[in-house]
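Sequential numbering from 1 applies to the sequence shown in the numbering used here.
There may be inaccurate statements among the hints.
Said to hold, decoys possible - Cross-link-like lysine to any residue pairs, in silico, SDA-like; alpha carbons within 25 angstroms at most: (1) 189 to 306; (2) 164 to 364; (3) 255 to 277; (4) 300 to 268; (5) 101 to 362; (6) 189 to 350.
It should be emphasised that the hints constitute simulated quantities derived from the structure, not laboratory data.
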Amino acid sequence: MTANMNKPTGKPAKAASKIKRTLLTVGIMVAILATSICGIRIYNSHKYSAPSESSFPRYYADPADLSLYPKNLDGITVSEVHHGTAQGFHLVSNQDSLKAKRRGIIITYGGSEGTPGYENAVQFTQNGYEVLALFMFGQPNQPQTLSRIPLEQFEDALEYINEKTTSTSPITVVAASKGAEYALNLATKYPQISNLILISPSAYTFAGLDFEEYGSSWTYQGHELPFIDIKRSSLPVFLRDVITPLLAHSPITYKNIYNSAVASDQEIATKTISIKDTEARILILAGEDDCMWDSPAMAKAIQAERPANVTVQVYTDAGHLLTGRSYINAGDTVVCVGGRVQANHRAFIESNELILKTLEQWHRRS
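Kindly generate the complete structure, drawing on both the sequences and the hints.
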């Protein structure tokens, strides 16, 4: 009887064996998955590596460092602007043939990268315009990140124009991406802005891009402008378009994140940048294949409110930047900006031609 009680039945041994086989199978699957992810990351790291010669000027590495911006330019006098919250550069042609060729002033802003739209500023000055290339953030007397930026910064820019520039009117603001969102908001508050050229703009006020000090991108009279909260975008979309590409080291796409945040907002009207009371003439340029956000749709939404004042040009197969490749390298992250190289190149040439033609009409010397 005792011998029978102590005799192994075989069931615990079988159970242990089954557990071992299961763990072995799981281990093999995890190893295969890890190896696959590693292989995909290695492949994508090579595929989406930054070119040896970056297509961006060197100041993009540290946009806040003024010393990185080229100032010894043929035919152009560049001086730094430090006027309260108006921070950046003042560019004037020193060629006799171009001096006083155009009336008024152009103000350029960059996007979320933090530059003052310096490339555009140089090009405009080479064509006879007096230009202020201004920062939105990152400089003395300014917010250090793209969050809660006061629209009132523009008042210091206006004061500088009245005190330091040759011709004070008309004022045209040229801005891209988040800078275009800023510029459109400025035009609703400051009638001194005669014209806007917006590249890949937003029709809404979105959240700022500081996720530690999270809030609206912009403030006015001490209050945050109502904003669309991108943290409330679709979780499945976030996992598909951000987390999965991060794991695979492939390009992140933000367009659907913004679209889902817009679609889920129950108070979208309060976050829309209304131009119904804005007299400024507006030219909008956008790429059909913008992967950062849906600038073509937002451009048409802006135009719908005041069609007589707004012209929209959408470039087929072009992306958010209207130039370069379909993706950019931001540190260890690859970001999809959209478009095909040839289409982006074509859009770059055609959009520059349209911008210069439009500026010539708006700033014609009487």
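Going down the list of hints, with the structure as the test:
1. 189 to 306: holds, 16 angstroms
2. 164 to 364: holds, 21 angstroms
3. 255 to 277: violated, 29 angstroms
4. 300 to 268: Answer holds: residue 300 to residue 268 is near 16 angstroms, not above 25 angstroms.
5. 101 to 362: holds, 13 angstroms
6. 189 to 350: At roughly 31 angstroms apart (the allowed maximum being 25 angstroms), residue 350 and residue 189 break the hint.
Consistency with the previously given hints fails for numbers 3, 6, ordered from lowest to highest.
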